[in-house]
Every structure is written in C-alpha cells, then in structure tokens.
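Residue numbers for the first sequence follow the numbering used here, so the first one is 1 and each next one is one higher.
It is worth saying that the hints were derived from the structure and are not from the lab. Ideal Cβ placement from N, Cα and C applies to all residues, glycine included. Check each hint, because a few of them may be wrong.
Listed below are the simulated DMTMM-like cross-link pairs for lysine to aspartate or glutamate, each with C-alpha atoms no more than 20 Å apart in a straight line [as the list claims (entries may be wrong)]:
id, residue 1, residue 2
1, K21, E145
2, K131, E313
3, K371, D270
4, K82, E118
5, K34, D3
6, K408, E242
What follows is a set of in silico ranges between Cβ atoms, one per label pair, in the way DEER data are often shown [claimed, not checked]:
id, residue 1, residue 2, range
7, R154, K368, 37 to 45 Å
8, E98, A311, 40 to 48 Å
9, M220, I69, 52 to 60 Å
10, G265, S111, 46 to 54 Å
11, R186, R91, 19 to 27 Å
12, T245, A51, 20 to 28 Å
13, Y218, K368, 45 to 53 Å
14, K368, G148, 24 to 32 Å
15, L6, T299, 46 to 54 Å
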Amino acid sequence: MIDLKLLQKDFAGFSAKLMRKGVSEALLNDLKEKNETLKIAKVAFEELQAARNAMSKEFGVYKREGKDINELKARIDANNVKVDAALEVQRQAQVALETLAMTVPNAPDDSVPDGADENDNIEIAKVLTPKEFSFTPKEHWELAEQNGWIDFERGVKLATSRFSVSFGMGARLERALINFMLDFNRERGFEEVSVPALVNRQALEGTGQLPKFEDDLYKMDGLDLFLIPTAEVPVTNLYADEILTADELPIRMTAYTSCFRKEAGAAGRDTRGMIRQHQFHKVELVAMTTPDTSEAVFTQMVGCASDILTALELPHRLVNLCTGDLGFGAAHTTDIEVWLPGQNQYREISSISNTRDFQARRAKIRYKNGKKNEFVNTLNGSSLAVGRTLVAIMENNQNEDGSIDIPKVLKPYLGM
RNA sequence: GGAGAAGUGGGAGAGUGGUUGAAUCCGCGCCCCUGCUAAGGGUGUGUAGGAGCAAUCCUACCGAGGGUUCGAAUCCCUCCUUCUCCA
C-alpha cells in the first residue's frame, strides 16, 4: 500500500514517482479526492458519535437521579438517525478509497531507470565468462529427454500443459539443489522455515498479489484459499499484524516451496521445456528490517543468490530493472540472469526486490522504533529457482555426446 | 462427525449493561532511596485515525462480523480459533 499521508502531503512529488510506473494522473487525483472525502466523512461521524456518547452518559445520570428522560431521549434518537447516516457515508468512502488504493503499485526508487520493458533494464555486472563450446550446444529439453531426466509428456498426462516429471538423476539433482541452496543461505544467516503451500486472501493482499493479480493464481474451489505463487507470500506474512522489537531485526529467512502460477499472461512464451511451468520449485529469501538497514540486507541477498550460481560455476549477470519491468510491490529490483548456451542468451533465474514499506503497510508489519511503531522494510528474492538452475546446469555442463557434468559442490549431496 | 468450555492490553488475570480503555500482579521505562553479589519507594507503560505549536482533547478497538439498547468487554445471533470429553 502506498503512503496516502505522503500522497496528501506532497501530491506533486509523490505522484510524479508513481507516474513513472505508469499510474495515471487521473487515478492519482481520484485517490487524493477519495482520501479527502473519507477524512471529512470521518470527522463528521466522529462529532456525531461524540455527541451521542455525551448524551448517553447524561442519560445514565438522569436515571440515577430519577429525572425525566423523555426530552433527552428525543434528542438522542434524533441524533442517532444522523449517526447512522454518517456512518454509512463513512463506510462507503472507506471502501471506495481502499478498493482503489490496493491496486496502486509501489513507487519506484529514484535509482530505478526509466524504461518500457526488459530491453531497457541496465546491466550492472557480469560474473564468470561463458565457456566456448567446440560443438553446437543443445537446448535443455533435448538434453533432459536424452538423459531421461525430465519427461514432459507424462507431466501433461498427469495434469495439463506446463507440468513435467523428473526422473532419476534429474529428480535427485533437484533435491540436491534445494538442499544445497538452503544450506548455503542458512550459512549466510537466513533461518530456514517451512510454510504452508496454501494461503488465504489476506496474506496475498499483504504481499500485493491480490486484489490485482487473481487471474494468475490457482484458487481452491469453494474456499478462499490459494496455492502460493512464491514462498514470499507465506514467509513475509509470518509477521503480519505484529509489532517487532528493533533488536530482533533484521529477520532473515529462507524457505523452499513449490510455487504455482497460472501464467495467464504468458500464452505462447517458453512453451517448450521447463523454463515456465505451472508448478516449480524455488528456494526463497525473505527479510524484514529497519529502513536504514534494508539496502545492506538487499545487497547481501543479491550476493547470496549470485554466489550460489558462482559456486555452481554458472555464468550470470546482474540487471537493474527499469520502471516498466518492475513488479507491483517493488521499489527496486535486481534480476540475476543465468547464461544458457543452448538458447544463447541470459535468462532470469532470480529476482531480488526491496519493497520498502509497501508490503509492511499492507500486512501491518511494524517494529518499535523507540516509542513509535514504524513499518519495517520487507525484501524478497529467489535463491534460486530450482528448475531454471537445473536447466542452466544442463546447458552449461553438457558434453558433445549429450552427457552432463555434475557441479562439484553438488556431489556431496548426491553421495558422489 | 457429536457434546461442552474458553477466546480481554507484552504476559498472567479481574471484570455480566453506565465516568471500564479496562482493577491487580508480572515484565519493561524513568526517578528517588540505599549501597554491595540484594531490596524498597514513587511514577509511567496498548493500537489506529483525527484536532492543536503544545499541554491536551475527540473517535474506534476486549477473537471476527452482525443485532438488541439512550448506552455493550458485559445480553443475543453467525463465523473463526483453541481446549476437554465422546465417536
């Protein structure tokens, strides 16, 4: 949730930031107006309510003293009609404002470059150099099928398109990767947590997937429960509605979950292979901390994800997302793209975002700063998407005969 | 699945219609006294929103949402959660 107080206080400044993210001026004006309307409605209601409280108190005194209450009762009744009306006005104003405000994305940081889409993202750094192949490297689905690691047809048979099944070393590598990543993150100070794969509406509103992106979520029939699109949702919401103490911050967590996405807007993209699946494994990093330390934690998280790829000897690059490619809740995001020789391009494998207080404001995650309660900053990032990591290993470590070298760091996890 | 009980502030725990936003204890903050591996005294201590330079004041919140009432933590209804007993 954006800071409506800030919008009210510095409309020009704050709305300029939101307009960089494509929020229309008309919407912002509407928002400002609805906020003012609510304020006025609240004051009106509260004044009437105060009058009622005072008269009710008086009523008690009258009764005790045995005075005649008829005249007072008449006044109270008249006032109550107004109270009810004012309450209704206030309610409607509240709903109108919230409905609108919940659909407004986070304001990008000033450091975020302007741009329309992923083509305008700015490369920050390259890590490791892609190796030269003496043959034409194959794409991962070919390698996966040749090695018997992944069966795409049987996934479709069991569910529908964009589902796959891993067999043998393919399945074992996935498990090894998950364990390796969790251990790696834990050694960097992220506590491992295991969370539900189903969450309620409130949780998804807290992290910003709802109300705007319901189309991309799997919803349980007849229940207000959804399959998580990322562990970010349950893990961030662990502390929803809580007031933390400053000395327990930063809270840093890592979690492995399956993730479920309808990929509603991705028809026709990456239909082949396991780049874009409806269900995929991911190890996630989530942190909540004070505003003055969130950038340090952010840097650590990016380092964590990048270092995992380095440990796996996978060439990758860091990219600063432009305004057009930035997610709904992010103030700024660094993507990590891994080199895929089969595709001859870098592909996203991790996305690390600082949402500042955007999610905290929605989920009401606060901390005691001296006497005052303030919103924490929440951060999240993948470290990493397991399927895509497996893809990268296959494509980067392939030999001419189609065999694949197992990364050194994973061998202990495979009993090798 | 059936029967019952309960959900109050950081914690424990009072409170069954009216100066109760909530006694008391513990914890925590500050001050004082005292001085040695202590203890005592005083005082303060929820959240959100609004008015005001400020002191302060107003409104809402006692699991959630409705209802009854001039007035509800207190009565009624629905839901959620927890516990106990039964299947």
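Evaluated hints:
Between K21 and E145 the alpha-carbon distance is near 42 Å, which puts this suggested pair outside the 20 Å criterion. Among the hinted pairs, K131 with E313 is consistent with the structure: their alpha-carbon atoms are about 11 Å apart, no more than 20 Å. Among the hinted pairs, K371 with D270 is inconsistent with the structure: their alpha-carbon atoms are about 52 Å apart, more than 20 Å. For the suggested pair K82 and E118, the alpha carbons sit about 55 Å apart, so the restraint of at most 20 Å is broken.
A threshold of 20 Å between alpha carbons decides the hint, and for K34 with D3 the separation of about 14 Å falls inside it, so the pair holds. Distance check on the hinted pair: K408 and E242 sit about 43 Å apart at the alpha-carbon level, beyond 20 Å; violated. In this structure the supplied range 37 to 45 Å is violated for R154 paired with K368, their Cβ-Cβ distance being about 53 Å. Range check, E98 to A311: Cβ separation about 45 Å, and the 40 to 48 Å hint holds.
Evaluation of the 52 to 60 Å hint for M220 and I69 yields a pass: the beta carbon distance comes to about 54 Å. For G265 and S111, the hinted distance range of 46 to 54 Å is not satisfied, since their beta carbons lie about 27 Å from each other. Checking the proposed 19 to 27 Å range against R186 and R91 shows it is violated: the Cβ atoms sit about 47 Å from each other. The supplied range of 20 to 28 Å is broken by T245 and A51, whose beta-carbon atoms lie about 40 Å from each other.
For the pair Y218 and K368, the beta carbons lie near 38 Å from each other, so the given range of 45 to 53 Å is not met. At about 56 Å, the CB distance of K368 to G148 disagrees with the hint of 24 to 32 Å. For L6 and T299, the hinted distance range of 46 to 54 Å is not satisfied, since their beta carbons lie about 26 Å from each other.
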